[in-house]
Amino acid sequence: MMFRRVVVLSALFACFAWFLTVSAHAADTIKIGSFLAVSGNASILGDPELKTLQMYIEEINAAGGVNGKKLELIHYDSAGKTKEANDFVKKLIKKDNVDILLGGTTSGETLAVIDVVEQEQIPFISFAGAIEIVEPVKKWVFKTPHSDKMAVAKIYEDMKKRGISKVAVITGNSGFDKSGLKQLHALAPQYGITIVADETYDNNDTDMTTQLTKIRGTDAQAVINFGLGKAPAIVAKNIKQLGIKLPLYESHGVATKEFLNLAGDAAEGIRLPAAALLVAEKLPDSDPQKKVVTAYKAKYEAKYGPVSTFGGHAYDGLFIAVEAIKRAKGTDKAKVRDEIEKTKGFIGTAGVFNMSPTDHMGLDLSAFKMLEVKNGNWEIVN
Amino acid sequence: MQFLITGITVGFTYALIAIGFSIIYNASDVVNFAQGEFVMIGALSTISLHSRGLPLPIAMLGGVAGTALLGIALEKLAVERARGSSVITTAIITIGASIFFRGLAMVIWGKEIYQMPHFSGETPLRLFGATLLPQHLWVMAGAVSLMAFFWYFFNHTLFGKAMRACSYNKTAASLVGIRVKTVLASAYAISAALGAISGVLIAPISYMTYDAGTMLGLKGFAAAILGGMGSASGAIVGGLCLGLLEAFSAGIISSSYKDAVTFIVILLVLFFKPSGILGKKEAERV
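Chains as they are written, first to last, in the numbering used here: chain F, 20 to 401; chain L, 1405 to 1690.
No lab work stands behind these hints: they were computed from the structure. The reader is advised that the hints may include incorrect statements.
Claimed, not checked - Here are some of the chain F residues that sit facing chain L, going by a computed Cβ distance under 7 Å:
# : residue
1 : Ser58
2 : Asn80
3 : Lys180
4 : Thr219
5 : Thr228
6 : Thr229
7 : Leu302
8 : Ser305
9 : Asp306
The beta-carbon is built from N, C-alpha and C at its ideal position, and this holds for glycine as well.
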């Protein structure tokens, strides 16, 4: 006991001494702490996120900063590892003394730092997908990407419009697939949908005709394939090979040009929910997001090449934070947190954000567009 | 019916890879765990050459030759340096090599998914109410002709027999005038080339990524073990059994238990007949 008290006291003293030496410097800038998976397995997500933050922080600073102060980005590469993420967040809060945290590329990293964030009472906007991050609501934690639950709801909504009530589900064995499958089962009753077949495959399988033959033998009116990578393209090709005529729905996980190339002809007629950013040019002018997504896309592509939705999550997070700091007229952590929670009608790349004390994501189903593949390209269906 | 056709087509895919395992095993008693990576590299390099504008057959030749060179390099630079060490050590070297090849492929080709054109179109063929793709026939033809080559090579050519002799006893083989080093290097070259050929045949159906070799290698290894290591007909029988088991367990029981059912059957077979279905009972080597 005694030992711990000594440690705490000396730590406090050290912090105080350190604070005295750097406080003069700290007052000059608004410190944004970020930890992203720029290397490692999730680097395709983390890399555009960091580039987006750097690009816009430079732009904001060139225009005079926020509340007359420059933004300063302090970034660590977590490589997608939960342990690293946790260590870096502690370092960002205690050593770098940041004003706000942005980041957490993967859901695993984000969930791993929530306890620290709540304990240290610092506003944190995550760029990760899992619904568990904001459900139940944590006081200091917010997130910008849409969740798989919304993707499922969007698919079911579209099915209801087409009069489909019996579906066959086929999913892979990755975390993304499994989480999607859970939501497919959870939301089905709400939309009056019955799942008549539930098949799985290994993401490295080369052939899914067995599972699809079983699906052909049921009275399903449509097939949902919630997956990532090459497997969904094989599913689409196998469906064509077997001559199955049922409508096929994919998840937002394959909303990429790559999928269109891989599946080729077999992709025709496939429907999937996706963020507005992917179809920026095709949005009607009346769409409130049109201006934001086309501007972001043009800017990012001019500097780095093809845009991805992941960088968009970072854009949304950064500007929600900046707006909140402006409204709070400073960087008082509690005030900034309150202002983030009051974000209303903020138009981002993922959709229109309306946060509240019970909703720390603030997106609704309109954030997703239902797309259909026509002539090898995406079309928006309403 | 579709289950049967799917089982057979997938089974031949595994059989193709299993044959590659058998060659190195026949020459040196070593299981080459980098075999799956040869499959991947063969396919990816063919795709790269093809996308540079080379016609498909020439790209294939290039891909297969390149992979064969890689096989020789593996033998010369890693396996040969460790000669005299136990079979286990050599097998572990090949595991290391497989990780290295995978890393190398990631640097060269990135994490994208690559596709390759089908050799003769994608119009499905109908057969007794089931469908299969023309490419599946290519895979079957490839497996059968490789098996024939394999059988002829090991039983009717001097070089093939020399290779088998090396497996039985390296010292004795060198005493009767067999150049063991050359034989071993060519065993790696041939099996790398076979791996590359199977990769090229499979890629149009399954796509190819830098990390696809691991799973393909594992399934091929299981097929080779099941059928009896070191025998080409065993590789085909093992591959077919594995493919059919997967298809029927997914079709009749549940797709979630597909792999579990398959591996339980493999375990049972090995439990009662450790040398595999077609494996010969070997005399104890002392």
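Hints the structure fails to honour: Violated hints (numbers, rising): 1, 2, 3, 7, 8, 9; every other hint is consistent with the structure.
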